[in-house]
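Position chain B against the provided structure of chain A, taking the given hints into account.
Protein sequences appear in the order of chains A and B.
Residue numbering for the first sequence follows this note's numbering, beginning at 143 and increasing consecutively.
Residue numbering for the second sequence follows this note's numbering, beginning at 7 and increasing consecutively.
Among these hints, one or two may not hold up.
[Unchecked claim] Calculated pairs, SDA-like style, for lysine to any residue (alpha carbon to alpha carbon, straight line, at most 20 angstroms):
{"no.": "1", "chain 1": "A", "residue 1": "Lys147", "chain 2": "B", "residue 2": "Lys42"}
{"no.": "2", "chain 1": "A", "residue 1": "Lys147", "chain 2": "B", "residue 2": "Asp44"}
{"no.": "3", "chain 1": "A", "residue 1": "Lys147", "chain 2": "B", "residue 2": "Lys50"}
{"no.": "4", "chain 1": "A", "residue 1": "Lys213", "chain 2": "A", "residue 2": "Tyr174"}
{"no.": "5", "chain 1": "B", "residue 1": "Lys46", "chain 2": "A", "residue 2": "Thr247"}
No lab work stands behind these hints, which were simulated from the structure alone.
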Amino acid sequence: DQQVKQNSPSLSVQEGRISILNCDYTNSMFDYFLWYKKYPAEGPTFLISISSIKDKNEDGRFTVFLNKSAKHLSLHIVPSQPGDSAVYFCAASEKSSGDKLTFGTGTRLAVRP
Amino acid sequence: DTAVSQTPKYLVTQMGNDKSIKCEQNLGHDTMYWYKQDSKKFLKIMFSYNNKELIINETVPNRFSPKSPDKAHLNLHINSLELGDSAVYFCASSPSVRGTEAFFGQGTRLTVV
Numbered sequence: 143d144q145q146v147k148q149n150s151p152s153l154s155v156q157e158g159r160i161s162i163l164n165c166d167y168t169n170s171m172f173d174y175f176l177w178y179k180k181y182p183a184e185g186p187t188f189l190i191s192i193s194s195i196k197d198k199n200e201d202g203r204f205t206v207f208l209n210k211s212a213k214h215l216s217l218h219i220v221p222s223q224p225g226d227s228a229v230y231f232c233a234a235s236e237k238s239s240g241d242k243l244t245f246g247t248g249t250r251l252a253v254r255p
Numbered sequence: 007d008t009a010v011s012q013t014p015k016y017l018v019t020q021m022g023n024d025k026s027i028k029c030e031q032n033l034g035h036d037t038m039y040w041y042k043q044d045s046k047k048f049l050k051i052m053f054s055y056n057n058k059e060l061i062i063n064e065t066v067p068n069r070f071s072p073k074s075p076d077k078a079h080l081n082l083h084i085n086s087l088e089l090g091d092s093a094v095y096f097c098a099s100s101p102s103v104r105g106t107e108a109f110f111g112q113g114t115r116l117t118v119v
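So here's chain B without its partners, still in its complex pose:
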């Protein structure tokens, strides 16, 4: 029974397209996050939401828009995809705003061609 699940696991798309990555957690956590792991393996936070409210926005381009329809879901929509968006995107959740002991999804490998 997966705690934090992301779909799709792999996503290959052309430059300029718009795509979404979905994330759901069944842990009852209040806070959810999106992290990006780039080609250099840096794992950096993009957004965090607490009870559907945006808490952290780490100067991510406006082309990235998170959407939280309820506290169990945090989807990531990306407009006008660029080559540099290619990365692995991880969704995570935690039981507190603190962000400690976050539980991560399996990741979505996005490749923009």
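Bound-form chain A, shown alone:
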């Protein structure tokens, strides 16, 4: 029973172009969503988050969009840089279950120079 899904295991984009990573969820009780970035042999690093009361949050080159009716969120990176190459995890939490993070399986992003 996977409540957070990232259906694209990998994505390759050209440097300078936009990267769009997608995430779907099934639990309508989720009210906070996060994106984490992970390099090999390191722990996940927090990137950006969004509350369910918003539909967009922007931080520099990173923007997260939330479509609650579709239970879908996406992370946009523009312009993409080679240093962005990593695995990106979508995560969600709900207050009623102790606010634990439920993670997707990750999308490996490769930014080509």
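What follows is chain B alone, placed relative to chain A:
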């Protein structure tokens, strides 16, 4: 200056052994967690502690016992190790019970042979 540190980074041991993984955070956070990333790359929460008190226990086998001597430390002890315990274990901490924006350690790769 590492925020969340785990030791050891790699651990190879035989079935049936008992082992511990240590975790320390110097961020002053109240809440600490253990996550497990299995061979399919699923990152799932195991436990969370808030101020040394167990908050979340995600139906993890009794062979796994977290110990929090103070709010800066959360160690994971595993008894009678099994082959299926092989995974990467991540410690994390966050400034609130909510579990948002957790900071992760580098991970401990446990291999049971």
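Results of checking the hints against the structure:
no.: 1; hint: A:Lys147 with B:Lys42; in the structure: holds, 17 angstroms
no.: 2; hint: A:Lys147 with B:Asp44; in the structure: holds, 16 angstroms
no.: 3; hint: A:Lys147 with B:Lys50; in the structure: holds, 13 angstroms
no.: 4; hint: A:Lys213 with A:Tyr174; in the structure: holds, 12 angstroms
no.: 5; hint: B:Lys46 with A:Thr247; in the structure: holds, 8 angstroms
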